[in-house]
Every structure is written in C-alpha cells, then in structure tokens.
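Enquirer: Residue numbers (my numbering), protein chains in the order written: chain A, 1 to 79; chain B, 1 to 79; chain C, 1 to 79; chain D, 1 to 79.
It does not matter which identical chain is meant; a pair holds if it fits inside one copy or across any two.
Straight-line distance between alpha carbons at most 25 Å, and here's what the computed DMTMM-like set of lysine to aspartate or glutamate pairs gives:
1) K64 to D34
2) K53 to D34
3) K40 to D79
4) K53 to E72
5) K64 to D45
6) K64 to E52
7) K2 to D15
8) K2 to D26
Since the hints were derived computationally from the structure, they do not count as laboratory data.
It should be emphasised that the depicted structure is a prediction, and the values quoted were computed from it without experimental measurement.
4 protein chains.
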Amino acid sequence: MKARVHITLKPGVLDPQGKAIHHALDSLGFSGVDDVRQGKYIELDLQETDREKARADVEDMCRKLLANTVIERFSIDLD
Amino acid sequence: MKARVHITLKPGVLDPQGKAIHHALDSLGFSGVDDVRQGKYIELDLQETDREKARADVEDMCRKLLANTVIERFSIDLD
Amino acid sequence: MKARVHITLKPGVLDPQGKAIHHALDSLGFSGVDDVRQGKYIELDLQETDREKARADVEDMCRKLLANTVIERFSIDLD
Amino acid sequence: MKARVHITLKPGVLDPQGKAIHHALDSLGFSGVDDVRQGKYIELDLQETDREKARADVEDMCRKLLANTVIERFSIDLD
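Given only the sequences and the hints, what does the whole structure look like? Please build it.
Expert: Put into structure tokens, the structure is as follows:
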C-alpha cells in the first residue's frame, strides 16, 4: 500500500521558501498569485495491507520522526 | 483557486533524503517499509478562475521556476 | 564578493531531518555520532565590493527573505 | 569533534531554489546579486578524536547517505 504524507508549516508560521517563490513568480511576470506555501511530500511503500493499521503506523512515523509538530502539521493519504 | 504542486525526483534519480528517512524508520522499528521518496509540495492561491488557464499558468511556473525538469517531474492538482 | 549564509534551526527547535539522518547513520553502522543538525546553505555572488556594505545587505536579505528568525538563526561569511 | 558538511549541486545542475531566491531578491530591490545557489548544511557531533579517521568516516557518510554524488558535491570541515 502506498502512503502519501504532506508536511506543511502551521498557518501562523512564516515560510521563507514560499515567500521566495512568491516574489520570484512576481518578478517573472506571474502576477495573479495571492499566496505560496512550501512543504514536504513523502511517499512510503508499505507492506501493510490493512488500511487502519497502515494509517496508525504512518501517524506514528510522523509524530516520531517526519514532522516537528510544534511548527508543522501533517496529512496522510492512502491508496 | 488553489493549485497543489508535487515535485519529485524522477524514478532513476538517487534520493538521499528519502534513503535517510527509510534507514531512520528501520532503526526506530518501523520494519514494513519497502521504499521512501521525498519531494517538495507547493500550494498556490491563484486569482485565476478558469481551470484550463490556471493549469497552463502553473505548468509554466513549474517549467520556468519550480522544478529542475532534468531530474525532477511535477504534477498539478486544482481544487 | 561571495557571501556564504548558513541558516540553522535555533538550538531548542526539533529538527526532524537531522534526526532522520542520525538514525539512518546508526542503522548503517556509523555508531560514534552524538548529534546531527541539518540547515540550509546559500551562496550569493554580490557586485558590492565594500565588505561592511555587503554584510549589511546580506543581513537585510536574511531578515526580509531567507530566514524565519522566530525558529532559525543565520550566520554570514564573506570572502 | 564537530564536522560541518556542505552539499551543493554541481556547477552545471539547474538549481530552482537558488533561482527562486535570486528572483525574489530582485523583486525586493536587492539589485546587485549576480548568482544564488542553495545547498544543504549538516553539522555532526562525532565521538572520534582522530582527525584523519573522522574525515574518512564523514566522507563515507557522504557517499553512502548524505549526498547524491551524480548531481551533488560535498565538502567537509573539521573543528
């Protein structure tokens, strides 16, 4: 089973890389952009076939390793 | 309209960050993981309301700024 | 003049990527590692030839764009 | 002993993040910038006290885990 994890900065946290992209798009003439946020995207190939179990495992991975939950939030999609 | 862009290394390209996460998960006891790949995730808030036009704009942004298409590929989702 | 900027998470801030690398090194048999921290490194080629002025400019860039000074700190080296 | 590792894209490899920063600096009025390149910076606290041995270990870590030597190069500084 494939799990797709998105890790993004929490709404209040300043995002320098998103801001850099936003300014760069302006400077390249892409004018209709209101906001840009950059996050991380992680794809995991899991042997687990039980969806509930897979989701619980990946949540555990996010809390223990993948995300800094003080400043980031994560979301998990399973195929 | 919100656009969500995923930028990932092409299949043949070695991914040290994905590999580091994979080994780290092993070392933490998460044993049923076959592969891990890490990419970038970018959210754009666009003023454009025409989906075809929005998609064409974001493709252009990916080619001109967001991705290195020699080693990376991108995918675009629109709300 | 070349400016080299290091942007690192402040000491108290959890660093998931550093932690992933640390666990991965353990799992690969590199046992004598006490800590790993990952940051960003940015090289800038500047036209400015006055060192004081160059340093002030790059500090301004760090505060306005490159770093999130709530959670990150930066250091600047000039050639 | 502390090791500081810089991992940067090889000269010919396109660097979208450096390019985004460059455009963003332009758009913010920082006009005297000729080039921007972004890399990774990793600090390692090592138990090893022999410099030759430490350098060899960290080179090994770079080749086995930290860098994709097809597109990236690394440099190592020891305290």
